[in-house]
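Asks: Next come the chains, spelled out residue by residue.
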Amino acid sequence: SRELFVLTYGALVAQLCKDYEKDEDVNTCLDRMGYGIGIRLIDDFLARSAVKKCRSYSETADMIAQVAFKMYLGVTPSVSCSSAAGNEFSLILDKNPLVDFVEELPAERASLCYCNLLCGVIRGALEMVHLAAEVTFLQDRLKGDAVTEIGITFLRKTEDRKHKRN
Amino acid sequence: MAIFSVYVVNKAGGLIYQLDHHAPRADTEKTFGFPLDLVLRLHDERVVVAFGQRDGIRVGHAVLAINGAEVNGRLTADGKDVLEFLGNPANYPVSIRFGRHRLSSNEKLMLASMFHSLFAIGSQLSPEVGSSGIEMLETDTFKLHCFQTLTGTARRCGPAGHVVNLGLSDASVVMAPGIKFVVLADPRQAGIDALLRKIYEIYSDFALKNPFYSLEMPIRCELFDQNLKLALEVAEKAGPFGPGS
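Chains as they are written, first to last, in the working numbering: chain A, 43 to 208; chain B, 10 to 254.
Keep in mind the hints are simulated off the structure, nothing from the lab. There's no promise every hint is true.
Claimed, not checked - Below, a list of computed lysine-lysine pairs in the DSSO-like style, where the Cα atoms sit at most 27 Å apart:
1) B/Lys218 <-> A/Lys94
2) A/Lys112 <-> B/Lys218
3) B/Lys152 <-> A/Lys94
4) A/Lys95 <-> B/Lys218
5) B/Lys238 <-> B/Lys218
Claimed, not checked - DEER-style ranges, computed between Cβ atoms:
6) B/Glu144 <-> A/Gly186: 50 to 56 Å
7) A/Ser91 <-> B/Pro196: 28 to 34 Å
8) A/Lys95 <-> B/Ala203: 17 to 23 Å
9) A/Ala53 <-> B/Ala203: 55 to 61 Å
10) B/Ser104 <-> A/Ala92: 53 to 59 Å
11) A/Lys60 <-> B/Met145: 52 to 58 Å
12) A/Leu49 <-> B/Ser126: 46 to 52 Å
13) B/Asn115 <-> A/Ala92: 53 to 59 Å
14) B/Gly139 <-> A/Leu49: 40 to 46 Å
Claimed, not checked - Some, not all, of what chain B presents toward chain A, calculated at C-beta under 8 Å:
15) Thr148
16) Asp149
17) Ser213
Every residue, glycine too, gets a C-beta built ideally from N, C-alpha and C.
Produce the entire structure from the sequences given, and follow the hints as far as they go.
Replies: Encoded structure:
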């Protein structure tokens with residue numbers, strides 16, 4: 043049934059390409075859909091994996107890569123921290139099941155982020171656990187890069203800061 | 010039946026799901042002659058027994074029906090005042106049904122929001138940061154278990170966790186808490202922790218994955234109902250020692 047899922051995703055992207063002319067529109071649409079999935083998927087993830095609250099950005103990034111990706115896509119990307127401030131991480135996927143049947147992007151769709159849905163999912167899920175983040179594709183095998191790399195930049199962390207009365 | 014009810018409270022404190030699972034409460038119906046040896050009084054728009062407990066009719070039981078017709082608060086089905094009706098010897102012998110008053114859905118909504126606020130107060134009173142909030146409330150007749158999820162949207166909140174439009178521009182924000190699952194069970198029932206986790210799974214499976222279910226809205230999913238009832242039955246069958254696995 044993994045094949046059916048990959049084929050369905052491909053059909054979805056193909057239909058979006060027919061509906062929208064510009065690549066950015068398709069990317070935004072995929073991101074929005076992913077966001078809608080992410081805000082619901084996070085509860086499923088927390089219910090099934092029973093993980094404890096993550097106490098740092100690197101723990102969170104590790105959790106996403108090692109537990110979440112494994113649970114839902116069956117792959118385990120490697121994590122690397124790419125900024126001194128400790129709030130930028132990248133997940134490097136050497137195997138991306140969503141692009142199993144895709145060779146390369148068509149010429150007129152050069153800036154299409156095929157797996158942008160994943161970015162939306164991660165963004166939505168993080169937002170529901172009070173971690174605002176920006177998630178984008180830094181490298182994409184479909185565009186000719188060596189690996190597929192997803193970059194997660196954690197924005198201002200809005201965690202339990204008690205409202206002080208003065 | 011050892012599990013009495015399940016409540017699901019959303020992040021804003023509104024009740025989005027409620028299930029009463031207990032066995033039908035024992036109502037007692039008896040025929041009385043004048044004068045009535047029970048002392049009745051008006052309480053909260055209901056006629057309750059104040060004194061004179063006997064034969065299964067306990068203090069606190071409300072008058073549910075007179076001569077088979079259900080009463081409407083303090084009035085009989087015909088619109089007459091219950092206490093006046095029972096004070097008139099001409100109406101006797103009369104058959105009255107007593108029982109515990111069942112909560113109306115409005116009352117449940119109100120109680121759920123009150124619990125939500127108490128929960129928030131509980132978390133704030135905690136001497137340690139990051140308290141889990143109220144996990145269990147124990148009384149002699151039941152235990153209330155509560156589980157709050159980690160998810161929740163960021164909102165400007167006042168100290169009690171309610172949304173307050175203060176127009177502040179500073180960054181001090183208290184997080185709106187996650188969704189709460191509340192289970193009321195017999196004090197001897199074990200394995201409620203596992204049941205709460207199971208309910209969370211069922212919620213994420215049948216409510217969240219339903220594309221037509223909007224978040225934070227009342228849960229009206231058949232599959233959620235069915236699976237929840239199944240889970241409650243499994244938990245009850247496991248008895249006081251909890252589920253085997």
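Asks: Please go over all the hints and tell whether each is borne out by the structure.
Replies: Structure-based check of each hint:
1. B/Lys218 <-> A/Lys94: Roughly 23 Å between the alpha carbons, so the hint for B/Lys218 and A/Lys94 holds.
2. A/Lys112 <-> B/Lys218: Holds, at roughly 19 Å.
3. B/Lys152 <-> A/Lys94: With Cα atoms ~25 Å apart, B/Lys152 and A/Lys94 stay inside 27 Å; holds.
4. A/Lys95 <-> B/Lys218: 23 Å, holds
5. B/Lys238 <-> B/Lys218: 19 Å, holds
6. B/Glu144 <-> A/Gly186: 50 to 56 Å: About 53 Å separates the Cβ atoms of B/Glu144 and A/Gly186, which means 50 to 56 Å holds.
7. A/Ser91 <-> B/Pro196: 28 to 34 Å: 31 Å, holds
8. A/Lys95 <-> B/Ala203: 17 to 23 Å: 20 Å, holds
9. A/Ala53 <-> B/Ala203: 55 to 61 Å: 40 Å, violated
10. B/Ser104 <-> A/Ala92: 53 to 59 Å: 54 Å, holds
11. A/Lys60 <-> B/Met145: 52 to 58 Å: Holds, since A/Lys60 and B/Met145 (Cβ atoms, about 55 Å apart) stay within the stated range.
12. A/Leu49 <-> B/Ser126: 46 to 52 Å: 49 Å, holds
13. B/Asn115 <-> A/Ala92: 53 to 59 Å: 36 Å, violated
14. B/Gly139 <-> A/Leu49: 40 to 46 Å: Once the Cβ atoms are compared, 44 Å apart, the range 40 to 46 Å for A/Leu49 and B/Gly139 holds.
15. Thr148: 29 Å, violated
16. Asp149: Violated - the Cβ of B/Asp149 stays beyond 8 Å from chain A, reaching only about 32 Å at its closest.
17. Ser213: This hint holds: B/Ser213 lies near chain A, its Cβ roughly 4 Å from the closest one there, short of 8 Å.
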